[in-house]
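Asker: Each chain, letter by letter, is given below.
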Amino acid sequence: MKNSVEIKNLDLQFGAVKVLQDLNLDIGQGEFLVLLGSSGCGKSTLLNCIAGLLDVSGGQIHINGRNVTWAEPSERGIGMVFQSYALYPQMTVEGNLSFGLKNAKIPKPEIEKRIKHASEVLQIEPLLKRKPAALSGGQRQRVAIGRALVRDVDVFLFDEPLSNLDAKLRADLRVEIKRLHHKLQNTMIYVTHDQIEAMTLADRIAIMRGGQIMQLGSPDEIYGRPINKYVADFIGSPSMNFLEGHVKNNAFEVGDLSIPLDGYEFVDAAGATEGPATMGIRPEHVVTGELVENTPYQIDVEINLIEPTGSDTLVDCVVAGHHFRVRMDGQSRVSVGDKLRLGLWPAKASLFDATSELRL
Amino acid sequence: MTDTSSSMLNGPQGPKPRKSFSRRNIFLYGTLITITLFYALPLYVMFVTSLKGMPEIRLGNVFAPPLEITFEPWVKAWSQACTGLTCDGLSTGFWNSIKITIPSVVLSIIIASVNGYALSNWKFKGADLFFTILIFGAFIPYQVMLYPIVIMLREIGLYGSLGGLILVHTVFGMPILTLLFRNYFTSLPEELFKAARVDGAGFWGIYTKVMVPMSLPIFTVAMILQVTGIWNDFLFGVVYSSPDNYPMTVSLNNIVNSTQGVKEYNVNMAATILTGLVPLTIYFLSGRMFVRGIAAGAVKG
Chain A
1 MKNSVEIKNL
11 DLQFGAVKVL
21 QDLNLDIGQG
31 EFLVLLGSSG
41 CGKSTLLNCI
51 AGLLDVSGGQ
61 IHINGRNVTW
71 AEPSERGIGM
81 VFQSYALYPQ
91 MTVEGNLSFG
101 LKNAKIPKPE
111 IEKRIKHASE
121 VLQIEPLLKR
131 KPAALSGGQR
141 QRVAIGRALV
151 RDVDVFLFDE
161 PLSNLDAKLR
171 ADLRVEIKRL
181 HHKLQNTMIY
191 VTHDQIEAMT
201 LADRIAIMRG
211 GQIMQLGSPD
221 EIYGRPINKY
231 VADFIGSPSM
241 NFLEGHVKNN
251 AFEVGDLSIP
261 LDGYEFVDAA
271 GATEGPATMG
281 IRPEHVVTGE
291 LVENTPYQID
301 VEINLIEPTG
311 SDTLVDCVVA
321 GHHFRVRMDG
331 QSRVSVGDKL
341 RLGLWPAKAS
351 LFDATSELRL
Chain B
1 MTDTSSSMLN
11 GPQGPKPRKS
21 FSRRNIFLYG
31 TLITITLFYA
41 LPLYVMFVTS
51 LKGMPEIRLG
61 NVFAPPLEIT
71 FEPWVKAWSQ
81 ACTGLTCDGL
91 STGFWNSIKI
101 TIPSVVLSII
111 IASVNGYALS
121 NWKFKGADLF
131 FTILIFGAFI
141 PYQVMLYPIV
151 IMLREIGLYG
161 SLGGLILVHT
171 VFGMPILTLL
181 FRNYFTSLPE
191 ELFKAARVDG
201 AGFWGIYTKV
211 MVPMSLPIFT
221 VAMILQVTGI
231 WNDFLFGVVY
241 SSPDNYPMTV
251 SLNNIVNSTQ
261 GVKEYNVNMA
271 ATILTGLVPL
281 TIYFLSGRMF
291 VRGIAAGAVK
301 G
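Sequence lines, in order, name chains A and B. With this note's numbering applied, the first sequence corresponds to residues 1 to 360, in that order. With this note's numbering applied, the second sequence corresponds to residues 1 to 301, in that order.
Accuracy of the hints is not assured; some may be wrong.
[As the list claims (entries may be wrong)] A few chain B residues facing chain A, derived, Cβ under 8 Å:
id, residue
1, M54
2, R58
3, P189
4, E191
5, L192
6, A195
7, R197
8, V198
9, D199
10, G200
11, A201
12, G205
13, P213
14, M214
If you're looking for bench data, these hints aren't it; they were derived computationally from the structure. These figures come from a predicted structure and were not determined experimentally. For each residue, glycine too, the CB sits at the ideal point set by N, CA and C.
Same shape as in the complex, but just chain A:
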């Protein structure tokens, strides 16, 4: 697959503060890449660097094989959709769409053709004569995307485009963006702090922290095989349960429990060195009820707290002195104080070194 965007040894600092450090990232043609991280991790900064809105301190940025490190934003072949959509309030939708084209001195018939095409793709033809103030949130977003679309760019950049919307609309527009990506097949780079958005949209996710990429991989990889404890904790809701113990004789010992590690895929194929470690188990990887008998390891617990969410019921309990959450079916009839037998699949769990917090 041809690379659409290549970022090489990128550095960025404001005064003494290093915002991005020696960052490398290759993004394939037509790929949907999500930059995910909590606020202040540098994800939006990286996007602004790719867009050319920020000057980098070191390294290179290539788009479609061209070194654009010093190019103006408009010369890079990118289109950007902002969190606030940033539609020009005094112009009509048509004016918003044509602004970039007029600046590029594109002939009028061509502008009209492109606006027609974009408004058909995005279904905003009836809105062309309206001002942004007279549009709904979803319509504004489509116009903002249209502004990138008419410019016929290679790469779409999205800077948290859904964070200003209410939960329902956000879910709808997420689907719409995904559909658009299927239709257009452009490269898209999408910044968000919302893991659901990241998981649902991305071909690959880059988890960022402290100006560096911690893990880059498909949503499955990130979810199933997090590279360290931070990623494991960050991805997944409700978040992963952690048990602090140590690895001994191909088993994980915590308190008086000894969980066998048969079937667990160690990063180092030779198996783990023995020593202190943390085991992470996702609440949805614990089974209850009659399925328990199939699992290699079982624990008996008492229910402390119940959080019904409708589709699921979250059950809080204590395992070997650690707070532990289990996801059960929403139909389960359980109450506080009940005894519950949990079945674990150690092969689905994650083990992290206690000091380096890296995956074992």
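Given the coordinates of chain A, assemble chain B onto it according to the supplied hints.
Answerer: Same frame as chain A, but now just chain B:
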């Protein structure tokens, strides 16, 4: 059944009754009316006096409405009142003031808005220092700079001309106007500026097509500040221009303070009102916009 349920409510219900003549209202409106009278009365006296003939004024009853309305003083103030040797009233001063105010206002607003735009969106190296120095300029008393500017204008050959006075007004408007525009542009969403850059607009393209159309309120504020400031200016007018170019305020002073002959109070009053008419009109026409502009970020640091 539904009827009984509402009639079953006992005690206070519905809107709370308010007394018109409560102690609070008497104090509040009493104070407001007193202050209004305090400001309105002089204007009233000026107005009625300007409509009286001199014999009636000599009767001495300043508050009485005119017995015989005459517009003679207004005509005289506009076109015949004497200032020293010339006797063409305020009209020359009025046209001079127009010739001074319009270019000064337009020039200073254009330059200051570009300044403010550059300072808020295109942060160049030393932008903050530049801004601090500019703002510091607003605190230097005018008197300190009067004579140095006389020398400077003389050296560039503009002393005593309208051009020189326009230049002085433009320069002196810079600090406060730049502050005003910078703060307003800073309050506009930064993403709009970014979007315009992605769309390929340059420094001037973004300024004229994105920023200015969004900034009507602040342009109104700047215009009002400058028009009233420059129109009412007396000091610069008297120092930097020559008698041919005296602005209206200086003409007014010369008419009112002329020592020959009888004091024509009615003409003086008419002349004063005429001079104040331009700022008053501006306030009335754009007062609402002014408030909106001031509220829209002029005070935000």
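Asker: Min Cβ distance, B/L192 to chain A: is it shorter than 8 Å?
Answerer: holds (5 Å)
Asker: Is the interface hint satisfied for B/E191? The criterion is a beta-carbon contact with chain A at less than 8 Å.
Answerer: holds (4 Å)
Asker: Holds or violated: B/P189 as interface residue toward chain A, Cβ cutoff 8 Å?
Answerer: holds (6 Å)
Asker: Closer than 8 Å between Cβ atoms is the bar; does B/R58 clear it against chain A? Give me holds or violated.
Answerer: violated (60 Å)
Asker: Just to be careful: measuring from the Cβ of B/R197 to every Cβ in chain A, is the smallest value less than 8 Å?
Answerer: holds (5 Å)
Asker: Under the criterion of a CB-CB separation shorter than 8 Å, is B/P213 in contact with chain A as hinted?
Answerer: Holds, about 4 Å.
Asker: When the nearest CB of chain A is found for B/M214, is that gap smaller than 8 Å?
Answerer: holds (6 Å)
Asker: Does B/G200 meet its interface restraint, that is, does its C-beta lie within less than 8 Å of any C-beta in chain A?
Answerer: holds (3 Å)
Asker: Taking the least C-beta to C-beta distance, is B/A201 closer than 8 Å to chain A?
Answerer: holds (5 Å)
Asker: Hint validation: B/V198 versus chain A, beta carbon distance must be below 8 Å. Holds or violated?
Answerer: At 5 Å from the nearest chain A Cβ, B/V198 passes the 8 Å test, so the hint holds.
Asker: Closer than 8 Å between Cβ atoms is the bar; does B/G205 clear it against chain A? Give me holds or violated.
Answerer: Holds, because the Cβ-Cβ distance from B/G205 to chain A comes to roughly 6 Å (cut-off 8 Å).
Asker: Checking hints one by one. Is B/A195 an interface residue toward chain A, by the C-beta closer than 8 Å rule?
Answerer: holds (4 Å)
Figure legend: structure checked against the earlier numbered hints; hints not met, in rising order: 1 and 2.
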